[in-house]
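Visitor: Each protein sequence line maps, in turn, to chains A and B. Numbering (our numbering) for the first sequence: 1 to 476. Numbering (our numbering) for the second sequence: 1 to 476.
If you are wondering where the hints come from, they were derived from the structure by calculation, not from laboratory data. Predicted model only: the values in this text are computed from it and were never measured. Treat the hints with caution; some may be incorrect.
As the list claims (entries may be wrong) - Quick list of the computed label-pair ranges, beta carbon to beta carbon: (1) A/Ser144 with B/Pro247: 29 to 39 Å; (2) A/Lys315 with B/Pro247: 50 to 60 Å; (3) B/Ala382 with A/Thr106: 40 to 50 Å.
What the hints assert, rightly or not - Here are a few chain A residues that face chain B, going by a calculated C-beta distance under 8 Å: (4) Val92; (5) His93; (6) Glu208; (7) Val237.
For every residue, glycine included, the Cβ atom is placed at its ideal position computed from N, Cα and C.
Protein chains: 2
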Amino acid sequence: MILQPRSVFAIITLACLFSPLSAALGQGADWSEQDLAAAAALRDKALAGTRAFEHVGSLVTEVGPRSAGSAGDAAAVRWALNRLGSLGFSHVHTQDVLVPHWVRGTAEVSIVAPFPQTLVSLALGGSIGTVADGIEAQVVRATSLEALSTMSPASIKDKIVFIDERMQRARDGSGYSATVRNRGMGASVAANLGAVAIVIRSVGTSDERIAHTGSVRYSTDAPRIPAFSISNPDADVLARQVQAGKPVRVRVKSTARELPPAWSANVIGEIPGRDRAQEIVVLGAHLDSWDPGYGAIDDGAGVAIVTEAARLISKLDRQPSRTIRVVLFANEEFGTSGAREYLRLAGDDVSKHVLAMEADLGTGPVWRLQSRVAPDALPAIASMQSVLAPLNIAPGDNNGSPGSDVHPLMDAGVPILDLSLDATNYFDVHHTVNDTLAKVDAKSLDQSVAAFAVAAYLAATKQGDFGRVTAEPAKN
Amino acid sequence: MILQPRSVFAIITLACLFSPLSAALGQGADWSEQDLAAAAALRDKALAGTRAFEHVGSLVTEVGPRSAGSAGDAAAVRWALNRLGSLGFSHVHTQDVLVPHWVRGTAEVSIVAPFPQTLVSLALGGSIGTVADGIEAQVVRATSLEALSTMSPASIKDKIVFIDERMQRARDGSGYSATVRNRGMGASVAANLGAVAIVIRSVGTSDERIAHTGSVRYSTDAPRIPAFSISNPDADVLARQVQAGKPVRVRVKSTARELPPAWSANVIGEIPGRDRAQEIVVLGAHLDSWDPGYGAIDDGAGVAIVTEAARLISKLDRQPSRTIRVVLFANEEFGTSGAREYLRLAGDDVSKHVLAMEADLGTGPVWRLQSRVAPDALPAIASMQSVLAPLNIAPGDNNGSPGSDVHPLMDAGVPILDLSLDATNYFDVHHTVNDTLAKVDAKSLDQSVAAFAVAAYLAATKQGDFGRVTAEPAKN
């Protein structure tokens with residue numbers, strides 16, 4: 001934009017309405033009154049309605065499922081380039097990322113005896129397939145991974161293990177961390193005890209008859225066995241048959257397999273900074289999804305939130321001082337390949353990353369502001385929260401969780417903000433066929449855009465930085 | 001039960017607590033005070049807890065899907081014989097019924113262009129299959145069957161018709177009657193306009209990604225074309241693509257086919273009447289289910305409600321005057337074969353059927369009492385409602401709807417009661433994979449048992465009968 005004399009006058013006039021800049025920028029001030037006012041206006045504008053739903057609707061309708069390495073994944077990269085380009089982002093480009101290419105094939109889990117039933121199932125992501133005829137064996141039920149760990153190899157050998165632990169619903173998603181290890185580690189624990197396959201109760205809160213997938217992580221020190229999830233109602237039926245006391249035989253079958261790695265890409269677009277453009281605030285989300293659903297909430301919603309937050313900032317008369325970089329990461333779901341490649345390519349430039357945040361827990365609303373910043377920056381976080389408070393966003397602590405895709409940046413010392421999206425209903429839908437546009441609430445999405453826009457704007461205009469943080473190992 | 005002197009004394013004493021029998025049985029009295037008190041006690045006992053959930057849980061766990069002619073159908077007949085027998089019913093027997101045997105096979109509905117997507121679909125019950133490679137054609141969207149009917153053959157010829165009408169939620173299920181014709185008649189209307197296949201938005205209220213099946217009824221004057229449903233979220237995606245203006249091509253494929261008819265059976269058990277045992281009160285439900293789900297709400301719930309209502313009556317010290325006959329009908333879903341065979345076998349004995357009622361709209365609660373009885377019997381219906389009122393059951397009119405399985409009896413003059421089960425959420429689940437035990441609310445089921453037990457008891461003890469009703473043609 002070329003400033004016309006009239007615009008310059010308008011800006012000067014506007015500046016004079018607030019307290020003198022010299023005072024706002026005085027000792028310890030993180031933001032000018034002007035910047036704080038701009039952040040509040042941005043918040044209110046977003047809350048009044050954004051284009052976020054339009055973004056996720058377009059991604060769902062024109063791309064849909066997009067697991068790493070699939071045709072949908074490639075279509076998503078094209079979609080993202082077009083979308084960021086047409087929205088006026090600068091420096092829109094890709095970073096090539098080599099991703100694993102697992103294909104689901106078919107899955108079948110059925111009870112053979114005493115009462116035959118076909119169960120709604122999915123192979124867990126990365127599971128090996130079975131032999132062509134499938135595997136039939138007696139089921140051994142364990143109520144948790146811990147319970148399984150204490151069982152004798154004699155009781156497990158040549159059996160199919162059924163981990164029957166129900167995930168609990170919680171706003172902070174804590175029920176997921178408590179049970180996701182069944183999915184990640186169950187197969188190898190069972191295999192080391194001699195099991196021939198594993199079936200887990202879906203790690204999800206829904207009573208719909210829908211299985212939840214997600215990645216299995218085979219240990220290098222255990223045989224690889226096929227791994228499946230079954231829906232909660234089907235797990236109920238299997239449990240009822242087991243608990244009735246007769247031996248229960250189950251048959252599992254899958255053509256899941258791993259193909260050679262494929263190329264995908266991180267897609268990046270920027271809102272260039274005004275005078276400290278080399279300093280970066282990262283807004284992340286992931287472009288891939290699991291294959292059964294449309295990837296509307298995981299992570300179409302996140303893509304829409306960060307894209308729209310940055311777009312709204314780009315429309316301000318006065319751009320923030322630092323560059324806001326939207327990074328739509330490749331393959332979060334099956335090994336965070338894109339996040340690791342982003343860090344590798346950043347190299348020494350990681351030091352120019354002032355702050356990172358990510359949207360990857362659904363549509364929101366955001367209910368809490370957590371952080372991981374240097375202690376000196378905590379007063380700035382408190383100021384930020386006071387601008388977010390009208391959105392019903394509560395203060396949190398400085399022990400926030402980064403999303404999977406900004407975790408590597410945090411481990412490299414980059415401070416992070418954790419704008420906690422309300423996950424109460426997220427795990428009804430996450431990693432299922434049911435991840436559709438019908439589950440996206442446009443109003444919640446707008447509130448989340450408002451929160452991310454405010455946080456990004458303030459991070460990109462703050463006088464000082466947020467320090468550096470101490471690395472910690474990635475969570476399981 | 002052999003009455004001991006002590007019991008006889010107890011009954012006489014009890015009778016004396018109420019107004020003299022002579023008064024209660026006086027002019028116009030339908031029930032003795034004793035019978036009304038017994039009905040109220042029965043109501044309160046059921047409301048305090050029944051075994052209905054146990055019945056449906058057993059059917060779901062030990063049988064599950066049981067579409068006409070399938071192995072599950074045969075297992076359901078055995079289950080019902082065992083269950084009625086073990087619960088102490090009298091004269092437990094079957095009536096052989098020849099049923100159509102349609103098998104679903106595979107179904108695939110996918111968008112080929114402009115944006116490829118695989119949609120969650122089911123073949124409609126009775127649909128023919130496609131050629132092995134499937135059928136690919138451009139889609140023409142119609143917003144209703146009426147809209148389709150007015151379209152020109154030139155615009156439909158060689159196309160795939162997509163009827164995109166959303167069913168509305170209502171307690172009385174009226175949204176279903178308004179849209180089910182898309183499923184029943186859409187294929188023939190489309191075929192007569194030259195369509196090569198039809199895809200309908202599921203006739204259901206759920207936003208889960210689950211397609212709703214149910215029977216298609218081919219007209220004899222139209223070519224048979226393959227018919228599919230897609231889930232509501234998938235219909236949203238297809239509609240969004242069509243509305244974007246580019247031609248949308250869809251591919252459908254199915255191995256659905258009809259096998260030779262198979263034998264199934266109505267399963268019948270009775271609570272014999274005390275002194276008018278030849279007079280029958282029918283409590284009906286259907287034993288079959290559509291194949292994708294467990295058949296918990298459709299109609300495991302109905303089976304449980306009528307079975308448990310009759311069982312509770314059988315435990316009373318004093319049996320009702322008339323016989324209560326539980327009829328678990330074969331193949332309601334795909335042509336009401338069992339109901340028609342029941343009527344045929346009844347022959348002249350249909351005149352001994354004093355009243356019929358059916359539970360086939362989920363778990364309840366019952367919210368209204370409707371009827372179709374002779375006008376003279378309306379005061380008795382009002383008395384009945386007053387016993388039901390503490391269950392929050394409102395009075396209705398005398399234009400009630402029989403269930404599909406008692407409709408033939410009504411057409412033959414048998415009065416019916418329509419204990420309206422609350423259908424607000426029923427069509428979220430009806431005819432889907434999602435019809436599971438998780439959708440059965442035990443408390444609602446108990447209330448429904450209470451209502452059916454009271455109604456059956458009063459019908460079986462009423463002094464006079466309910467007259468006869470005028471036949472009317474079966475509803476579409």
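Visitor: Please list, smallest to largest, the hint numbers that this structure does not respect.
Guide: 1, 2, 3, 4 and 5
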